[in-house]
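Number of protein chains: 2
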Amino acid sequence: MKIGIIGLGLIGASLALDLSSKNYHLVGVSRNSLTCEKAKEKGIVKESGVDLALMKDCDLIFICTPIEFIIPTLINLIPHLSPHAVVTDVGSVKSSIVQQGKALWSNFVGSHPMAGTANQGIDSAQKDLFQKAVCVITPEHDTPQSAIALITNIWSLVGCEIIITTPQIHDQAVAWISHLPVIISANLINSCQRENDQNIKQIAQKLASTGFKDTSRVGGGNPELGLMMARNNKENLLHSLKHYQQNLEELINDIEQENWDKINTLLNTTKENRSKFL
Amino acid sequence: MKIGIIGLGLIGASLALDLSSKNYHLVGVSRNSLTCEKAKEKGIVKESGVDLALMKDCDLIFICTPIEFIIPTLINLIPHLSPHAVVTDVGSVKSSIVQQGKALWSNFVGSHPMAGTANQGIDSAQKDLFQKAVCVITPEHDTPQSAIALITNIWSLVGCEIIITTPQIHDQAVAWISHLPVIISANLINSCQRENDQNIKQIAQKLASTGFKDTSRVGGGNPELGLMMARNNKENLLHSLKHYQQNLEELINDIEQENWDKINTLLNTTKENRSKFL
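Chains as they are written, first to last, in the numbering used here: chain A, 596 to 873; chain Z, 596 to 873.
Since the hints were made in silico from the structure, they are not lab data.
Certain hints may be false.
If several chains are the same, the list does not tell them apart, and a pair holds so long as it fits within one copy or across any two.
[Claimed, not checked] In silico lysine-lysine, DSS-like type, Cα no more than 30 Å apart, as pairs:
#, residue 1, residue 2
1, K651, K597
2, K801, K617
3, K635, K651
4, K617, K635
5, K871, K641
6, K837, K727
7, K801, K871
Just so it is clear, the structure is predicted and the values come from calculations on it, not from any experiment.
Could you put together the complete structure from these sequences and hints?
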């Protein structure tokens with residue numbers, strides 16, 4: 596089987612590396628010809644280049660570009676595709692991509708492998724990046740079973756635990772556990788930084804320890820990723836944020852009213868419920 | 596020099612352990628006679644018992660009880676104190692304790708060693724717990740310099756980096772970087788858990804990964820500690836929470852209005868500013 600990878604960054608190159616080692620014939624496309632050369636030199640792919648025509652004989656193609664280029668890439672790719680080719684992407688938001696992708700190519704199935712590191716680019720590619728990672732596959736009701744089976748099979752081969760759900764449920768779920776945390780964490784840093792009293796701010800900066808470090812980590816991470824989440828999952832993120840805001844108001848009110856028993860119950864419940872998410 | 600430790604839990608027993616190894620004469624008091632026996636057996640203290648009269652010859656006394664027992668303990672301790680004795684505590688909120696403590700005993704100086712583990716009790720005592728930890732010392736304007744110097748010296752000896760500030764600035768700073776994170780983190784878990792659609796909640800629980808894990812850690816931690824912070828630092832916590840709430844409203848509005856440039860700038864700023872706190 597010939598597998599194409601478009602976009603040879605951390606995700607694309609790591610996936611190509613794992614699949615090459617399992618004796619698939621890998622073809623890579625990148626907009627950057629230097630990256631194409633590197634991919635061949637490193638033995639990550641058999642063939643590579645900047646031209647999407649290279650994908651013409653591929654049975655399965657992964658679009659691993661940044662999220663905003665997924666659909667434009669698919670549009671440019673379609674003239675070169677074999678009729679039976681299955682196409683997937685690795686974007687972290689699914690509804691809009693799957694809706695458009697499926698309308699353009701009936702063998703399109705969305706994926707979201709939840710793996711990564713803090714690094715980017717082909718040089719950060721690593722073997723076994725997907726081992727034990729969750730990969731969400733998001734077919735629509737009329738997606739061909741054969742396409743779902745092929746994609747499930749390949750992600751399983753590189754070590755993923757597969758979850759199949761709808762694009763809509765995926766996007767609502769990641770709004771809660773991935774996109775909402777980024778915003779509330781960024782808002783923590785922003786709020787601390789906005790303290791007007793320089794004495795208090797300086798001491799706060801000196802005293803900040805593991806609690807602040809962990810709670811602020813995702814809000815102080817890659818700004819492009821945060822912006823991409825907000826832009827592409829706007830409605831679901833707003834839904835989560837508004838519920839968060841309401842609950843926070845209730846909690847502030849409980850502290851003001853000194854409803855300590857209620858707050859005690861809440862904190863016991865959050866301790867218990869956190870483990871259900873981990 | 597004879598040093599007394601009242602409360603032989605994680606902090607008190609670890610401190611006694613470090614000071615014993617530096618050849619101070621340590622006297623321990625605990626409400627629990629079994630703990631007193633253990634402290635002697637383990638060589639953590641030379642003398643121990645349940646009676647505060649044991650503190651009569653001590654030059655320096657650390658009150659290491661839970662925060663709500665600090666002032667009641669000091670009141671019961673005073674009849675036994677040598678006139679020159681210096682007393683400190685290790686509570687994580689300082690204004691109210693220092694105000695009351697100083698009024699009761701002029702040689703009272705507040706401390707807050709920012710060290711700990713997830714464990715509690717004498718069995719969790721560990722050597723060098725305070726190495727490289729920040730210890731905040733919070734004198735009032737008329738606290739005797741000799742008392743400040745003695746306490747600074749002893750915390751430095753066990754490895755702390757000393758910060759001297761007022762009780763008020765300490766409490767406002769910890770509200771920002773320690774107590775606010777607990778509440779916003781607990782509110783994240785609470786909000787995710789309150790999602791009514793069981794499909795979405797179940798998928799969210801399966802997909803939650805390192806981002807959710809880190810952002811929810813302190814909100815899913817020891818409920819007693821969280822409650823203690825809210826009760827004892829209520830006004831400062833509310834001040835931080837209300838600023839947080841206002842900033843979040845602004846951010847929600849920016850997402851609604853698709854002010855992507857502004858959000859992009861914010862996320863770049865939080866990335867930059869986070870490092871100032873760590």
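Hints and how they fare:
1. K651 - K597: within (10 Å within a copy, 84 Å between copies)
2. K801 - K617: Classified as between; 28 Å across copies, 50 Å inside a copy.
3. K635 - K651: within (19 Å within a copy, 79 Å between copies)
4. K617 - K635: within (16 Å within a copy, 63 Å between copies)
5. K871 - K641: Neither: 43 Å inside a chain and 46 Å across chains, both beyond 30 Å.
6. K837 - K727: neither (33 Å within a copy, 41 Å between copies)
7. K801 - K871: between (34 Å within a copy, 9 Å between copies)
Hint compliance for this structure: hints 5 and 6 are not met, and every other hint is.
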